[in-house]
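Could you put together the complete structure from these sequences and hints?
Chains as they are written, first to last, in our numbering: chain A, 1 to 96; chain B, 1 to 490.
Since the hints were made in silico from the structure, they are not lab data. Quick caveat, the model's predicted, so the values are computed rather than measured. Warning: the hint list may mix true and false statements.
Residues from chain A shown here face chain B by an in silico Cβ test under 10 angstroms; the list is partial [claimed, not checked]:
no., residue
1, Gly10
2, Ala57
3, Leu90
Straight-line C-alpha distance at most 16 angstroms; calculated EDC-like pairs for lysine to aspartate or glutamate [what the hints assert, rightly or not]:
no., chain 1, residue 1, chain 2, residue 2
4, B, Lys294, B, Glu284
5, B, Lys477, B, Glu284
6, B, Lys477, B, Glu250
7, B, Lys264, B, Glu295
8, B, Lys413, B, Glu353
9, A, Lys93, B, Asp337
10, B, Lys294, B, Glu394
11, A, Lys93, B, Glu289
12, B, Lys294, B, Asp396
13, A, Lys76, B, Asp84
14, B, Lys379, A, Asp45
15, B, Lys379, A, Asp72
16, B, Lys477, B, Glu289
17, B, Lys294, B, Glu265
18, B, Lys264, B, Glu353
19, B, Lys379, A, Glu39
In this text, a Cβ means the ideal position worked out from N, Cα and C, and glycines have one as well.
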Amino acid sequence: MSLTRTQVEGIAHLARLELTEAQIPVYVESLSRIMALVEQLSAADTGGVEPMAHPLAGQVQRLRPDEATEADQRDKYQRNAASVAAGLYLVPKVIE
Amino acid sequence: MSLHTLTVAELAAGLRARQFSSLDLTLHFLGRIERLAPQLNAFVTVTADRALADARAADAALAAGSAGPLTGVPIAHKDIFCTDGILTTCSSRMLANFVAPYDATVVDRWRTAGTVLLGKTNMDEFAMGSSNETSFYGPVRNPWDLQRVPGGSSGGSAAAVAACLAPAASGTDTGGSIRQPAALTNLTGIKPTYGRVSRYGMIAFASSLDQAGVLARSAEDAALLLGAMSGHDPRDSTSVDVPVPDYAAELGTPLRGLRVGIVKEFFDQGLDPQVAACVHQAIESMRREGAIIKELSLPSLPLSVPTYYVVAPAECSSNLSRFDGVRFGHRCDQPRDLMDLYKRSRGEGFGAEVKRRIMTGTYVLSAGYYDAYYLKAQKVRALIAADFARAFGEVDVVLSPTAPNVAFELGSKTSDPITMYLNDIYTIGANLAGLPGISIPCGFAEEGGSSLPVGLQLVGPHFSESRLLSAAHQYQKLTDWHRRIAPGYE
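Below, the structure written as C-alpha cells:
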C-alpha cells in the first residue's frame, strides 16, 4: 500500500493542515507504512460480524431532556479566543 | 523514612495523626519539584500558589475533623485535564496559551476529596505517543536512566511519581498510556473499565478508547485514588451508572483460587527475554500462593495494533477538528482568508505525530475507503472483544508483560512510527474491548549499565477493578519490587 504525493496533499487539504515542502515526502513514506500495517486487517474473516462502535456491549448512550442546564459564561470562554468583538468570534472576511 | 517515599495511605494516616501538616508535606514536595523536576522535564506547570492554598484548606479541615481519607495529600494531574483558571496545554503548541475555563470531573473529584494540586505534568502531545517525545515542551526523562524515555503518553506523571515529586498522579490511557509508562518507571498504573471514570474536561483523543486512571507507587494507593475519581457523571454521556466499590476495602481478597490466563500470543518473538523471565517468575510466585495458571489463546489479538491504528486516528481526526484557530488555541499571524487561517493555524499548532494521526484518520474515513478500513477495523475490534469475553469464561484475569521491552533510549524509536506503535502491542487490546487493566512492577532487567524496571499487566472483565487491585496488592505483599525507588530520588 503506497500513497502518492498527490494523495497526501489531498488528505492534508481535507484535514485543513498546511504542510511544508519538506514534510510532504516524510508523510508520503510514513502514511504508506501505516497503511501497509493496516492492510493486515484484510486477512481477517469478519463475515457476519457486527461492527463494534461502543466498547461496552449493549450500552446505549443516554439521552437527556432538552433543557438548558449551563449558565452563560460567554465572556469567560471568549478569553481564550484570538479575536472577538461584541461577543462574536472574528475571522477573515468570508463574503466580499 | 522521608516524607516523599511514604505511600498515599501512609501520608493520609500521618496527616490524620497530626505527625505533619499538609502544608509541611506540600512545601516538601514543592521543594523537590523545584530541585529535581527540571532534569526530568516532568511538569509543564507547577501550581505552587494553588498548592499552598489547597494545603491550608486541608489543614483547616483536618483540624475541624471534617477531613476525608485523602485530605491534604498532594497529587499532580496530567496536563490533559482541564483545570479552571490554570494553563491546560495537552503539551501542544496548539494549546500553549489555553487557560481552561472549568475543571474536569476528575480534577473536581480529587479536589473535593481534599487533595492538593502540585501541578500539571508533561505528556505526549494530545496523548499521541509512547515515549513522551512528541511533547511541544520536549521529552520527559526516565528517573531510572536520564538517557531513556519514561514511556508515554502519561510520561510526566510517571516520571514525577517515580522520582517521588508527587505521591501519585492522574493519567489517561487510550492504547496503554497509563500502563506502559507505569511499567517503564516501576509504578502501579491502572486504566479502569471504559465509562468508569468521567471523560468530562479530559481533552479528547479517541473517544471510544480514552479512559482516565491513576499512576501510583502501590496497588493500595491506586485503589484509594481510583475510588476518589470514579463514578457516574451526567456530563459524560458514556459514563456508566454502576456503583463504585470500596476498592481499598476489597484489597484483602487472596490470590488463592484466582484463575490467571497466560495468553500465548503475548509471549511471542518480539518480547525481550529479560522481560519474559521477570514475568514468568511473577507467574510462579502467584502459582505458589494458590493461583490457578491456565494457558489460553486470543487468536485475533495480533490484529489489535492495525485495528487501533484505524480506530484511534479516525476518532482523533474528528475530535481534533475543533482546533480551528477561531474559538481557542493557536492562531496563525495575518491569515489571508478563512482557509488559510484554518490550515496555517493547524499546521503550525500541531506537531508531526499529531498531524500524522489526523491524516491517517482523515484517509481511512474518506469517501471510498470507509468500508475497507474503518468498518473493517470495527468488525475486527468485535472479534478481539469476543476473544477476551471467551477467555473470561475460563479465567478471572489475563496476565502478560505490559510492554515488550524496558525503557528505551531517547531518540531510538522516533524515526519510525511503526516501531513506536508496536510498543503498545500488549496494552491496546484492553482499550479496544473497553476492559480494565493494571500494570505492576515485577522485576528489573539490566541494559546498557542501568537497572531498568519491568512491569506485568493484568486485564480483567468489565468492572473487575477490585479484582485487579486486590491481585496486585496481594502480589505486592509477596514482593518488594514496587518499593524500589530510582537511585538519586530516594
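These are the hints, each one checked on the structure:
no.	hint	in the structure
1	Gly10	holds, 9 angstroms
2	Ala57	holds, 7 angstroms
3	Leu90	holds, 8 angstroms
4	B:Lys294 to B:Glu284	holds, 12 angstroms
5	B:Lys477 to B:Glu284	holds, 15 angstroms
6	B:Lys477 to B:Glu250	holds, 15 angstroms
7	B:Lys264 to B:Glu295	holds, 7 angstroms
8	B:Lys413 to B:Glu353	holds, 13 angstroms
9	A:Lys93 to B:Asp337	holds, 7 angstroms
10	B:Lys294 to B:Glu394	holds, 9 angstroms
11	A:Lys93 to B:Glu289	violated, 71 angstroms
12	B:Lys294 to B:Asp396	holds, 10 angstroms
13	A:Lys76 to B:Asp84	holds, 11 angstroms
14	B:Lys379 to A:Asp45	holds, 9 angstroms
15	B:Lys379 to A:Asp72	violated, 42 angstroms
16	B:Lys477 to B:Glu289	holds, 11 angstroms
17	B:Lys294 to B:Glu265	holds, 14 angstroms
18	B:Lys264 to B:Glu353	violated, 32 angstroms
19	B:Lys379 to A:Glu39	holds, 14 angstroms
Of the hints listed earlier, those the structure fails to meet are numbers 11, 15 and 18, in rising order.
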